[in-house]
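If you read the protein sequences in the order shown, they are chains C and E. Just so you know, we're using numbering that gives the first Met the number 0 here: the first sequence kicks off at 0 and counts up by one. Just so you know, we're using numbering that gives the first Met the number 0 here: the second sequence kicks off at 0 and counts up by one.
These are calculated hints, taken from the structure and not from any lab test. Be aware that a few hints might be false.
Stretch by stretch, here's where chain C covers chain E in the computed footprint (C-beta under 8 angstroms, at least three residues) [to be verified]: (1) 51-59; (2) 82-95; (3) 181-194; (4) 285-294.
Subject to a maximum C-alpha distance of 20 angstroms in a straight line, what follows is the list of computed EDC-like cross-link-like pairs (lysine to aspartate or glutamate) [to be verified]: (5) C/K192 / C/E256; (6) E/K192 / C/E219; (7) E/K133 / E/E99; (8) C/K192 / C/D165; (9) E/K187 / C/E219; (10) E/K192 / E/E325.
Beta carbons: idealized from backbone N, C-alpha and C, even for Gly.
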Amino acid sequence: MQAAVREVSARKPLPWLLPLPAVLVGAGIFVPLVYLLLRALEADPSTLREVVLSSRNALLLRNTLLLAGGTVVGTALLAFLLALLDVRSDLPPLLTGLVGTLPLAIPEYVGAYAFLAATGPGGTLETLLGIRVPRPGGYWGAVLVLSLFLYPYAFLNLRTALRGVDPSLEESARSLGYGPWAAFARAVLPQLKPALSAGGLLVGIHALADFASVGLLRYETFSYAIYLQYSAAFERTYAAWLALLLIGLVAGMLWTEARVVRGVRVARTGVGAQRVFRRATLGPWRWAAYGYVLALGFTSIGVPVVVLAHWMLRGPGGEAGMAGALAGTLRLAVPTALSAVVLALPIAYWSVRYPSPASAAAERVAYFGYATPPLAFALAVIFFTLRTTPALYQTLPLLIGAASLHFLSEAIGPIRAGLYQAPPHLEEAARSLGYGPVSAFLRVTFPLLRTGLLAGFALVFLSVAKDLALTTLLSPPGYTTLAVRVWGYASDAMFERAAPHGLAMIGLGVAAVGVLIRIERR
Amino acid sequence: MWRAVLAAFALLLTLVVGAGGQTPTLTVYTGRGQAFVEPAVREFERDTGIRVQVRFGRDAELLAALQEEGARSPADIYWANTSGALGAAVQAGLLNPLPEALARRPVAFVPRHRRWLPLTVRLRVLAYSPARVKPEELPGSVLQLPHNPRWRGRIGWTPPYSSFQDFITAMRVMHGEARTRAWLEAMKALEPKAYTSNPPMIEAVRAGEIDLALTNHYYVARFVRLGYPVAAYHFAPGDVGSLALVTGAGILRTTRNPAAAARFLEFLLGQRIQQFWASEHLEYPVVRGVILSPALLPFDQAIRRSPRLDFEALRDLEGTLRLLREVGVL
Chain C
0 MQAAVREVSA RKPLPWLLPL PAVLVGAGIF VPLVYLLLRA LEADPSTLRE
50 VVLSSRNALL LRNTLLLAGG TVVGTALLAF LLALLDVRSD LPPLLTGLVG
100 TLPLAIPEYV GAYAFLAATG PGGTLETLLG IRVPRPGGYW GAVLVLSLFL
150 YPYAFLNLRT ALRGVDPSLE ESARSLGYGP WAAFARAVLP QLKPALSAGG
200 LLVGIHALAD FASVGLLRYE TFSYAIYLQY SAAFERTYAA WLALLLIGLV
250 AGMLWTEARV VRGVRVARTG VGAQRVFRRA TLGPWRWAAY GYVLALGFTS
300 IGVPVVVLAH WMLRGPGGEA GMAGALAGTL RLAVPTALSA VVLALPIAYW
350 SVRYPSPASA AAERVAYFGY ATPPLAFALA VIFFTLRTTP ALYQTLPLLI
400 GAASLHFLSE AIGPIRAGLY QAPPHLEEAA RSLGYGPVSA FLRVTFPLLR
450 TGLLAGFALV FLSVAKDLAL TTLLSPPGYT TLAVRVWGYA SDAMFERAAP
500 HGLAMIGLGV AAVGVLIRIE RR
Chain E
0 MWRAVLAAFA LLLTLVVGAG GQTPTLTVYT GRGQAFVEPA VREFERDTGI
50 RVQVRFGRDA ELLAALQEEG ARSPADIYWA NTSGALGAAV QAGLLNPLPE
100 ALARRPVAFV PRHRRWLPLT VRLRVLAYSP ARVKPEELPG SVLQLPHNPR
150 WRGRIGWTPP YSSFQDFITA MRVMHGEART RAWLEAMKAL EPKAYTSNPP
200 MIEAVRAGEI DLALTNHYYV ARFVRLGYPV AAYHFAPGDV GSLALVTGAG
250 ILRTTRNPAA AARFLEFLLG QRIQQFWASE HLEYPVVRGV ILSPALLPFD
300 QAIRRSPRLD FEALRDLEGT LRLLREVGVL
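Next up, chain E with everything else stripped away, as it sits in the complex (with noise of 0.2 angstroms):
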């Protein structure tokens, strides 16, 4: 009698601990929006039936909450907005080097310890008015755009807003901080207007405020899907204006679930996800085969615009707002 129970709670104990082994938990921390992150993992639920908990936050707030749970920590997964958070990540040890197979999946912006792989690219470009502005009359350098005196009063930028001090560190780091300064002071001789986010600007440019935008591709190619009378311009490419931003994620030391994460991470390189983002959400994909809006870029084109560049490099921030702030536009 005694025997049969204690058979009875063996089994129960076995399917018990088997079924919460046949369904996983990852925990993933990402400093993405909830609109591009929440549909991708639900639709990996839904294939692999491995349960997904997100923490979203901000990138730094969320490298400081895994610095800070250490060893604890129950996440398996870091998802950034940008390269130099990921970078960060990397200089704190607390990313594990990915398998070889999956870093061979993005076509470009795997670094070369392979301890974090990018997801999407978002480039930096100029909008202009079509119909203020024709191509032609713009330079191949962002460098050289302070030079012409017709667009005096006429050019929008964002410095609080994070993409545009990812592109003055760029700067810094491909000419040097003379440079980076001279060209804030040529820009700021010419009265541009700044914004405090890109949407506004847009709706400048469209409203005949100002006739050029430093912004990311994606929020014109937003307003081009709304009909909005505006267009991206794109600097030659290897310029420093053409930069990428690159958003990626990495699989977290503390990870109890290596497999499950690296399943998530191929997942997401796999064809269904990177065409949701880029019909969706407008952000270059890092793998062939993604049908791209005409609102962008071919993908060979876009995948070869931006300089090569050590993309953690961005990861100096302060140097950049220390700069920022004795120029006066911040």
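In isolation and in its complexed conformation, chain C is listed as follows (with noise of 0.2 angstroms):
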């Protein structure tokens, strides 16, 4: 009976008005693109081939992709143990699941100035706790940092994977004669690659979005030249072709991972409820396993916030601006966050309720433009509004627009999820009872799905409250964010004002990670 009333519903036409949210959605993200183009073309042929095949862009190039690569495996190694040990081992689940999301409160580019105030002779380790630790710096530098910070989108996703997984395998395959570590190895391995290549892709995109840490670590990529060519006004069309050559590099990325996971399924057919795993009383191996995990919390947590606060406890204190910019962040990410959550219910409702290769297609759309460095799609935004509406350029709408439309793609796995678990006959009963198809909607779906916009707007409330690429070219004249006060300070040495926004940004961001671990224990 249930899977009649699902047929019909399939059946059921698309009502004309859900695509329109996700068209307005792809016009916002391609048409500054196409107007980045027209940009870049202004170039005369002769400048365009030194600009764009110079020796310095292969360099580029080549920086960009192994820091990516190298993040990306380093992010995988660290979370792969944290999530193993937060799924499969006797440890407190609390505690793997915070050391392995909060750090998505910490901005990456304040861990880098953090990591260089405490590291080395006479830095903050060596001064509080006597420890003197190596200097990071260069590709193994920016390649240890990124991943400390981006570790937890390979986290999540990973332990959504390992908890999918069913142990009849695993047992089956001990059954079979395979040892403990052969039958992992064999049996659940090979269904952690979409997750794997999922977490992967993310930490990919950060990586190379990255603009602020690289360049306090010295190493040059993609995202730096964008930022230099921009904050020094030197040569806009070269931005502009950088930018181009980023995004193409992106798109490259989305396909190679596309191609990965295509043909994988990791789906369990059997009937019947699955299984819970047995965790693993670790024995001896459990002091092993705290110390990662505490290691890893202390480095990735601890190191930032210690130092933020000595910075404080130095400075001759008092914060006067700090309110101002605290309502920035706030002005800002709030609106951004709701914007960019009713922009996204509609399209993960379309690919959730009536599944088709133009809905899949929406929300691949939606995943480009995330994964469009910020610092690029800021170029385009700023080139598209010059040429057709000056008006609103550098005002607080614009940015708050150009924010939504990149961050709406964190909003859609949450809802998406929610709606999975809001059945549709609901809806169509309250619809039999005489409610319109809105009402039967607000009445039904939205009550269920509650705790997935709020996950989708505390995510993206957290993005946007660390985001300095957008801000920094978008926002109006004078209008600050805790972001843009803690990188302005501390690009001027006034580390003892830097410090309080900092912290109170990475107070924001707890919170928001709190909201998301409430709802995760759920």
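Reconstruct the complex from the two isolated chains, following the hints.
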């Protein structure tokens, strides 16, 4: 009976309004990129060849690829062990969960700065704890620092996948004579492939987008070069070309990931509920496991917080402008997260209730917008507004619009998960009782979606609160956020002023992550 | 009856207009940071009752906006981070000459045409690690810095940073294109470490990654204030390595409030604000009588340290960028 109801709903015609937001989102993402291309093509061909095919670009390309690759591997290693301990060992899952997600609250550039200040002779770690740690720098420094602050993306994906693995597969492998490690490698690892590649893609996207931490660690990549061109106002055409090359790189990455996952089927086909894993008792290994988790938590969360607190205490203290910066962050992040959720909802609804190639394409377009490095997207938006609607240039609504388009993909996942939990026949029952389509949705599905919407909101809020790239390029003159202040003060060596802003930003991040953890534990 | 209403209306109108006249509003375009500008503006508003609206941005960006807005610009004051930008504003005919009495306030760096006034001064210096380097080992001129092979791989610099570029422009103005190019080549042969901004470079001096760093004096002073083991070495007086980076402001031709605008500049040159900038931001004042942090040079030495040159000539940034790209340091 239930199946029959679904059949009917699937054949129902698509409400014509439903794809409209997706079309708007697609236009919002692609039209500026067209202007970026137009701007780039303004260069005359001879300088163009010089600019695009220079040996410096080859170096930047090599650096960018090496960094993205190294960071993907680094985060996978850090996150794999942590996710395994979280799902399969008797360590308290609250601890592993916190260590796995809290670094999301710390922007990479704050982390990078903290590491530079904490390490080496006379660094904060030596001053406070007497430990002298070698300084990160160059390629390995950049890989290390980015991995330490990006591994949660890999962790969250791996944890979900590990939880979904059916233990009976592994048990069958054991019964066929494989040892515990071999059984794990044969029966479980292949099932983690989609999660590893999805997490790796997210990490790669962030590694390509980062310009601030790689600059601090003296490792030059495409995003860093774009920032340099823009901030010193050297050469806008060159910046446009760099942005296009970077977008090409991202498109290549998306394509590779799609090929990796194609044809992998990991769903259970049996009926009945899945059994839960027996958690392994670690015995004496317990201490090693604790050591790993605590060391990871200390380096990724402890070091930045300790360095910020130390700066704050060393300075003359008192920070008058902080309320303004906090208000700036909220005035940007709250409307952006709201509009991202509002735009994501119809896209998710379309793809869950009326799945079709078109709805899948809509999701992919949103993801492409997310994958486009924010510096490149911001440049595109600048070229677009200056040519079409100069009145919008450097206004808060434009910044909010651009940021919601860029980050809305983060909200689709949780909303989609929520929709799966709100079966369509509930809504149809409401319809049969005489409610219209919209009020049926609002009365029946929407309440079930609340946690999904909240999680989507929290994810976008978190990203916008940390954002530096879009805010720096698109905000109205003089508009400040906590992130802008932290970066500005740190660049002026006014660390005692940067510190309270940084701690406030981490505080907002922790609140958002706390919301996510609570939703997840329910 | 009608007459009474009319009279009341007229009275009201006078009151409103009068009140408007009593609290004029100033609009300031500035390339300086909020933490630097806002406290001074708040004090000015409290003292004078004149409301001030501030538009923040980069020097060049605001200059472009002023030119775009033309005669309709609401701005009264252009307050820039660099003398090069002020020079460009003078060249574009945006600034009015200032009253002579006001122009006598700063003890130095006032341009002859009096179209802008200096507000603070920053000096180029060489940051060093006192633990590893004795100041006697350092040359009197920055031009000799690349001649000592001991510093191979031990010097930090910041080619993308605007003050570094101003310093190279000054070298071109004082010593010519060829010598500047030769200096850059010689420095490059010493394999200096390039940083994007000054703070990570000074962290690197502290951590022993490098021994010397070409930077601005206030970065060193701010690190010293936080207890870092770094110090500032000043090249000889008159050497381009001791270049003064002059910040300043001028009154725009479009001002509708020349008196209030002049009062604002006078206020910024007063003891209170000059002292605030010296103690909080560790920049050098341009008036006498300000107490300076021990991390800074005494006022008289600081103000005479820089070579004398046409500070507005620092606006030729294009030529410097071209040179830096040709030599391959940018």
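Tested hints:
Against chain C, the region 51-59 of chain E contributes 6 residues with a C-beta closer than 8 angstroms to a partner C-beta. That satisfies the three-residue criterion, and the hint holds. Given as covered by chain C, the region 82-95 of chain E fails the check, having 0 residues with a CB less than 8 angstroms from a CB of that chain where 3 are the minimum. Look at the region 181-194 of chain E against chain C: 3 of its residues bring a Cβ nearer than 8 angstroms to a Cβ of that chain, three or more, so the hint holds. For a cut-off of 8 angstroms, the count of residues in the region 285-294 of chain E with a CB near a CB of chain C stands at 0, and the three-residue condition is violated.
Taking the CA atoms of C/K192 and C/E256, the gap is about 11 angstroms. The hint holds against a cut of 20 angstroms. Annotation: proposed proximity of E/K192 to C/E219 holds, straight-line Cα distance about 13 angstroms (limit 20 angstroms). A hinted pair counts as satisfied when its Cα atoms are at most 20 angstroms apart, and E/K133 with E/E99 does not qualify at roughly 46 angstroms. The hinted pair formed by C/K192 and C/D165 meets the criterion: a straight-line CA distance of about 15 angstroms does not exceed 20 angstroms.
The suggested pairing of E/K187 with C/E219 holds, with an alpha-carbon distance near 18 angstroms, which does not exceed 20 angstroms. For the given pair, E/K192 sits about 18 angstroms from E/E325 by alpha-carbon distance, which is consistent with the 20 angstroms threshold.
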